[in-house]
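Chemist: One-letter residues, chain by chain:
2 protein chains.
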Amino acid sequence: MIDELSKLPGIGPKTAQRLTFHLLRLPPEDVLPLARALEEAKERIGFCRKCFNLTEEEECELCRDPRRDPGLICVVEEPSDIISVERTHEYRGRYHVLGGALSPIDGVGPDRLRMEELFRRVREEDVREVIVATNPTMSGEATALYIAEELRPEVGAGKLRVTRPAAGLPMGGDLEYADEVTLSRALAGRRDV
Amino acid sequence: MIDELSKLPGIGPKTAQRLTFHLLRLPPEDVLPLARALEEAKERIGFCRKCFNLTEEEECELCRDPRRDPGLICVVEEPSDIISVERTHEYRGRYHVLGGALSPIDGVGPDRLRMEELFRRVREEDVREVIVATNPTMSGEATALYIAEELRPEVGAGKLRVTRPAAGLPMGGDLEYADEVTLSRALAGRRDV
Numbered sequence: 001m002i003d004e005l006s007k008l009p010g011i012g013p014k015t016a017q018r019l020t021f022h023l024l025r026l027p028p029e030d031v032l033p034l035a036r037a038l039e040e041a042k043e044r045i046g047f048c049r050k051c052f053n054l055t056e057e058e059e060c061e062l063c064r065d066p067r068r069d070p071g072l073i074c075v076v077e078e079p080s081d082i083i084s085v086e087r088t089h090e091y092r093g094r095y096h097v098l099g100g101a102l103s104p105i106d107g108v109g110p111d112r113l114r115m116e117e118l119f120r121r122v123r124e125e126d127v128r129e130v131i132v133a134t135n136p137t138m139s140g141e142a143t144a145l146y147i148a149e150e151l152r153p154e155v156g157a158g159k160l161r162v163t164r165p166a167a168g169l170p171m172g173g174d175l176e177y178a179d180e181v182t183l184s185r186a187l188a189g190r191r192d193v
Numbered sequence: 001m002i003d004e005l006s007k008l009p010g011i012g013p014k015t016a017q018r019l020t021f022h023l024l025r026l027p028p029e030d031v032l033p034l035a036r037a038l039e040e041a042k043e044r045i046g047f048c049r050k051c052f053n054l055t056e057e058e059e060c061e062l063c064r065d066p067r068r069d070p071g072l073i074c075v076v077e078e079p080s081d082i083i084s085v086e087r088t089h090e091y092r093g094r095y096h097v098l099g100g101a102l103s104p105i106d107g108v109g110p111d112r113l114r115m116e117e118l119f120r121r122v123r124e125e126d127v128r129e130v131i132v133a134t135n136p137t138m139s140g141e142a143t144a145l146y147i148a149e150e151l152r153p154e155v156g157a158g159k160l161r162v163t164r165p166a167a168g169l170p171m172g173g174d175l176e177y178a179d180e181v182t183l184s185r186a187l188a189g190r191r192d193v
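If you read the sequences in order, they're chains A and B.
Letter by letter, the first sequence follows residues 1 to 193 in our numbering.
Letter by letter, the second sequence follows residues 1 to 193 in our numbering.
Since the hints were made in silico from the structure, they are not lab data.
Careful: at least some of the hints might be erroneous.
It does not matter which identical chain is used: a pair holds within one copy or between any two.
Straight-line C-alpha distance at most 25 angstroms; calculated SDA-like pairs for lysine to any residue [said to hold, decoys possible]: (1) K14 - P70; (2) K159 - L187; (3) K50 - L187; (4) K14 - V31; (5) K7 - S139; (6) K7 - E176; (7) K7 - L54; (8) K7 - L19; (9) K50 - V108; (10) K50 - E176; (11) K159 - D192; (12) K50 - P79; (13) K7 - S80.
Fair warning: this is a prediction, and the values are worked out from it, not measured in the lab.
Chain A with its partners taken away, still in its complex shape (with noise of 0.2 angstroms):
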């Protein structure tokens, strides 16, 4: 249980020794629901066989809702990203998840993540923009790069485009703790007021 428990992210040995403890300690009418959701959810929970977000149903709720806009995607690494965008409540369109980013040195190409899945729907669907809302570090920029790539010779006949959230001051932030690179990009990205 100790071996299982720490393999959690951000669950060492020690606090997985303390955790096994107290479960041990409690009576099983406590322990056995927690249990059941996991053997419950493993089974229920699947991925989307169209945008790959978790659900219960064969589309998720977000495919399923006629009134978000086909013609837009949101490719995100994973399915938690699609709840930050909607917190926003600005995002009115679609999603695809990746199910990360490429990563050659961790062995991670193309082919371990939804990119054939993403271009299939991209040529399938009448898609007019792809927003690559993968996270602003290396591998996220390189899995942009990647898909604008393989979605050239539609952005070259005009048909779609590919975009990418803007890197900038995160807002409320002061000049001062800003790092280099992030107000290189704010800079390089400035836009009229």
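Chain B: place on chain A using the hints.
Modeler: Quick look at chain B alone, frame taken from chain A:
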């Protein structure tokens, strides 16, 4: 001495007391250099008459550097912000230090900042672009809007651009930790890859 020290930013009465007792314990030859450094700094260092950066001369180093583009003015709140922008090694124009940002609640109107001096520079020198790099806060944004409004005739005449560094996701970050306002801005300001 405790009173004077506790006026410094980040130094509360407790720290001020600790510093005072520490300084009193030292031999005079260890304390007098600090006192003299303070006096000298206050005597010798003043504001650049052009951009209001800190300088020991009439005009600061950056204003006197002939290799810097006088057609580009980066407007910042404080002299310390110049150091942040310089650290990017990508900006080769001039600066203008406002001495703060507009904040009606605190009684800081345009007359309390070096606004007129900025507008005079824009009109008298051959300025093509004013980059308003005030902080990405409410008052920094308000200051940028005020400057754009005041320079509207020049912008309308096609002689000038007033720009602002991009607001968006800081580099190396994670979508999951981005606040909604920043992520909204990043999405609104998205660019073609």
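Chemist: Determine for every hint whether it applies to the structure shown.
Modeler: Against the structure, the hints come out as follows:
1. K14 - P70: neither (47 angstroms within a copy, 60 angstroms between copies)
2. K159 - L187: between (30 angstroms within a copy, 21 angstroms between copies)
3. K50 - L187: between (38 angstroms within a copy, 23 angstroms between copies)
4. K14 - V31: within (20 angstroms within a copy, 49 angstroms between copies)
5. K7 - S139: Close inside one copy (24 angstroms), not across copies (46 angstroms); limit 25 angstroms.
6. K7 - E176: Between copies, since 21 angstroms is at most 25 angstroms while 39 angstroms is not.
7. K7 - L54: Answer is within; shortest intra-copy Cα gap is 21 angstroms, inter-copy 54 angstroms.
8. K7 - L19: within (13 angstroms within a copy, 48 angstroms between copies)
9. K50 - V108: within (22 angstroms within a copy, 54 angstroms between copies)
10. K50 - E176: Intra 44 angstroms, inter 22 angstroms, cutoff 25 angstroms: inter-copy only.
11. K159 - D192: between (27 angstroms within a copy, 14 angstroms between copies)
12. K50 - P79: Only inside one copy: K50 and P79 sit 13 angstroms apart there, 52 angstroms across copies, limit 25 angstroms.
13. K7 - S80: within (19 angstroms within a copy, 45 angstroms between copies)
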